[in-house]
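J.: So the sequences go chain by chain: V and L. Numbering-wise (this note's numbering), the first sequence opens with residue 1291 and increments by one. Numbering-wise (this note's numbering), the second sequence opens with residue 5 and increments by one.
Where hints are given, some of them may not hold.
A partial selection of chain L residues facing chain V, derived with a Cβ cut-off under 7 Å [claimed, not checked]: (1) Y12; (2) P30; (3) C43; (4) G44; (5) C69; (6) A70; (7) R127.
So these bits of chain L aren't anywhere near chain V, every CB distance computed over 12 Å [as the list claims (entries may be wrong)]: (8) S20; (9) S40; (10) M52; (11) R53; (12) A60; (13) R61; (14) R92; (15) L121.
One side only, chain V facing chain L, incomplete, derived with CB under 8 Å [what the hints assert, rightly or not]: (16) L1320; (17) A1337; (18) T1505; (19) D1507; (20) L1609; (21) H1641; (22) T1645; (23) R1649; (24) H1658; (25) C1660; (26) G1671; (27) S1672.
Quick caveat, the hints were computed from the structure, so don't treat them as lab data. Beta carbons are placed, not taken as given, at the ideal position from N, Cα and C, and that holds for glycine.
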Amino acid sequence: MNQIRPTSPDLARYRADFPILGQTVHGKPLVYLDSAASAQKPEAVIAAMVHTMRAQYANVHRGLHALSEAATEAYEQTRDVVARFLNAPDRAEIVFTRNSTEAINLVAHSYGALLKPGQAVLISEMEHHANIVPWQMLRDRAGIALRVCPITDAGELDLDALEAQLADGRVGLVALTHMSNVLGTITPARRIADLAHRYGARVLFDGSQAVVHQTVDVQAIDADFYVFTGHKLYGPTGIGVLWGRHALLDAMPPFLGGGDMIDTVTLARATWARVPHKFEAGTPPIIEAAGLTAAIFYLQAIGQDAIAAHEAALTDHALTRLAEIPGLDVIGRARHRGGVVSFTLAGVHAHDIATLLDRQGIAVRAGHHCAEPLMHRLGLGSTARASFALYTTHQEIDALVAGLHRVRALFA
Amino acid sequence: MTDPETFYRDTVLAHSRAPRHAGAPPRVDASGHAESRLCGDAVDVFLMRHPDGTLARIGHRAEGCAISIAAADLMAETLSGQTDDQARATSGAFQTMLTSGVPHPALPPHLHAFAGLAAYPARRGCALLPWQALATALGHGPRT
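Full structure from sequences and hints, please.
T.: Encoded structure:
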């Protein structure tokens, strides 16, 4: 974990790498504070995808011609890049999916098939719908119980309750966020994994937010599965990653059937390819993989620690400045948090905040953030959310604060 | 569109801060409920009829953004004295206006400012929520 504070390296020079950030919205300079929903793309990612389509495109894993071999090599190189990015011990443990949601569905389907009726999956109150609904579907089709770990009022996992829910040894899998997309809470992954393993459970982390804001080492946190998505990591949509321990992936039945995931096929039956190909049916995200490689190289060239320090400083600045606004409540007070800040403003609905900020060129998210059970737990219908990225500046947070003062004045 | 701040200042806030038709009328002949799946906002609409079946008073209970509350209040104001068929026609005109962005001649001027929401597709649903509740209420009520 990176907890480098409060020095903020000046990343302003990297802002120019993101062409979209130069535009105006409603005649105002764009202030993009919605990176937790999806991050903007640097020129390096755009160029890599264009290059693939212009010069290096063919289908992978099947052609015996030069273009297909080059495309296959580039696609498989992404697996190496992602394996190093997560410090995975084995490149074959990297499975490409469409996004985090599909990766979790894959585990729910295929690891879920190994669970027995009477066993349970344990999630938390602060999960994204992507880490709730697949488990509800598993529960309903396979007789697997679904347990929910509460959070504290500060928005942290209640680890005592987590242990209590594990104590009877019936939990087969703990599936938790590594960083909340609403509260910004970073969960103590290693402690969670240790607890899960002590009681015989495997552990999956939804790293959709976490990988963007900190270095993730799946061996150091002793995870069993880890998922993330490309588009929040400054990469393209349409590609996500599942990392899983080789032995687990090997034991799991396939998810989707089709080309590329088979060893042999007769009209009577098929046999499966080895991992990871067993889980990659059909033509994979070839162009998107080129974009993901470029995104990871881009992050690593800047330095993930430098980005984490920058975002920590931005978050501190935002929490300090937002506290100046009367009637504004920041939702969640976790001690260890990333660059996502949700808030409410007394007397002003979150959707009205978002519309009026948009008029000032400021993009924030408003709503339930695909986490309705968390909203219910917090007793809220919706919140507004500002989220930060490597290209976010202190001046943009000041613009948000000025914008909120203006909204408040209008409603006064 | 019209500047959203102007829309809020002149139309929305005037009706959302102190809605004139909030709450149920003394007698409720029909009611309807609508909820937004996007944000959880909810509106109840209550109808009280004259003996001839026309709408005497419309009340609302809106829990949501300022646009949905203002839309509910202005809807209540507009529909008073209308028959069910007239109310349905008004509702259709309002929906057409939110898609076209052009003030609808069949609607009273105080609703015209909502035409600007055509440029804000995500917010159209907020303004339509009370009208959806109305449709349910009319479905349950006697035809005139």
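J.: Could you tell me which of the numbered hints above are not met by this structure, giving the numbers in increasing order?
T.: 2, 8, 9, 15, 16, 17, 18, 19, 20, 25
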